[in-house]
Amino acid sequence: MSSGPTTALLRTEARLFVREPGAWFWILVFPTALLCVLGLVPSFREPSPDLGGARVLDLYVPVCVLFAVLVAGVQTMPTVLATYRERGIVRRLRTTPLSPASLLLAQAVVHAALVVVSVVLVLTVGWLGYGSPLPAQPLGYLLALLLAVAAMTGVGALVTAFSRTTKIAAAVGSVVLFPMMFTSGVWLPVAAMPEGLQRVVLLSPLGAAARALTDATAGDVPALVDLAVMAGWALVLGAAAVRWFRWE
Amino acid sequence: MTTPEPLVEVIDLRKSYGAVRAVDGVSMTVDRGEIHGVLGPNGAGKTTTVESIAGLRTPDSGTVRVAGTDPAADRARTTRLVGVQLQEARLQPKIRVGEALTLWSALYPDPVPWRELAARLRLDGLLDRRFDDLSGGQRQRLSIALALVGRPELVVLDELTTGLDPQARRETWSLVRETRDRGTTVLLVTHSMEEAQQLCDRVTVIAGGRDCATGTPAELVGGADAATVTSFVPSGPLSLDEVAALPGVATVRAEGDRVVVGGSEDLALELVGWLEGRGVVPRRLRVAEGSLDDAYLTLVSDPAATTEEATR
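Quick note, the sequences are listed as chains A and B, same order. The first sequence begins at 1 in my numbering and counts up one residue at a time. The second sequence begins at 1 in my numbering and counts up one residue at a time.
Source of the hints: derived by calculation from the structure; they are not laboratory data. Even glycine gets a Cβ: it sits at the ideal position worked out from N, Cα and C. Don't take every hint at face value.
Quick partial rundown of chain A residues pointing at chain B, CB under 7 angstroms, derived from the structure [to be verified]:
| hint | residue |
| --- | --- |
| 1 | T12 |
| 2 | R55 |
| 3 | R92 |
| 4 | T95 |
| 5 | T96 |
| 6 | P97 |
| 7 | L98 |
Let the sequences and hints guide you as you build the complete structure.
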């Protein structure tokens, strides 16, 4: 198939997404706003002896980044896809030369693009506003980020697969959202967790992502085990979504 | 004169969903350039039949061909041959009419210029309107436009006017006629008798998962032995079973105190004579031309008994 129809769909979906401020606020604005609010706490800006001299604020930079990834994959995208399925848009598109997978692709691209913008925004504000270091290992950082996006897209697709209606998808998304926020370190950064808890959290996709992003920021190549955990989740969830996802 | 090959050919189509037999042996043909109605009660298998023609369903058995193409096997060609307006399918809530038309034209290799199409379907004043702000009739006009934009040979319209007010219905009908007059074959799914009678060149009646008759609306009315409908209020007791046994009577039913008899052309005279012999006076006697409604009711009430086709 030529790229024409897919590009046209992508353009339309991007335009429609702009009209949903309720969706892109949480991906684009909230993570940076969260970082700014945390930066207002003076003790967070001081090196902490408990954390081996690191600042709490610096630990929260990857958390804010992962928040954007999480909301996009688990909350926003499943809701959009469930709406499209419920309204018969997917069925309608199946009667055109466009493949229904293009719709999933277009949504993934739109969300991924917004996540990338949000990440750049968080890093820039953290760097300029609070002197948080930029990733010293950019390639490793990007790789970890992509794997986190892939794993969250898998979670989102699975949420959509098991939710008959848009309302159920939104509700299931919220239920999944909170434990995942915890593992990403929103309440307690992964690096600051007690060792036993940390070991378990590092087996979750966002726990592994948080450590990989922190490592890449410090200039280290992310640990292979963290990358493998994320890739493993992405593969398993992706396969499950392919198995159970229905277009109608 | 040889008849040209039909555009759509369905032979002995069968499709089950789990234990439910949705379609259980439907055969039908759609000729080029006609508005062909698929008529039947809800759950009769109409939608499954047209979805198989549109390539959305893979039949369990039987043959479906659209211009020689098997829709289940060649999706790419089918999507260019067949434009579809689906029952209750909506678009993205905030998409504008102009955006939907632009997107849909980008999906096809040789689209109709969409502004021309929009003007034809009287959408040109609505291009900036969002889908969720459109009225039912406007949505259906957009839906027809999207079904036509790829220059299909066949356009499938499923329950097109359900839920529209009478004026919007009539407007939509004239657009469907115009579509046919421009050379696109129309396959129209409906459960409205009036719509079928007003709009269709030929009708296939589907009931219980089978096709039970095909013909022009007039042929169906004549062929169902209910060419006339005679009704009256009997002055005394009357056995409906005895009336039903009279020659030429197809249907008998009571509507309040009125007896309604459907049957052959000259039934009314015979009936009056017969009643006179029994001392019953047919009060408030009315004789009307049989409608597709009556023909349809006879057809779908006993699909097994009426498998002969009214055409050819």
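Results of checking the hints against the structure:
no. : hint : result
1   : T12  : holds (5 angstroms)
2   : R55  : violated (42 angstroms)
3   : R92  : holds (4 angstroms)
4   : T95  : holds (4 angstroms)
5   : T96  : holds (5 angstroms)
6   : P97  : holds (5 angstroms)
7   : L98  : holds (5 angstroms)
The earlier numbered hint that this structure contradicts is number 2, and it is the only one.
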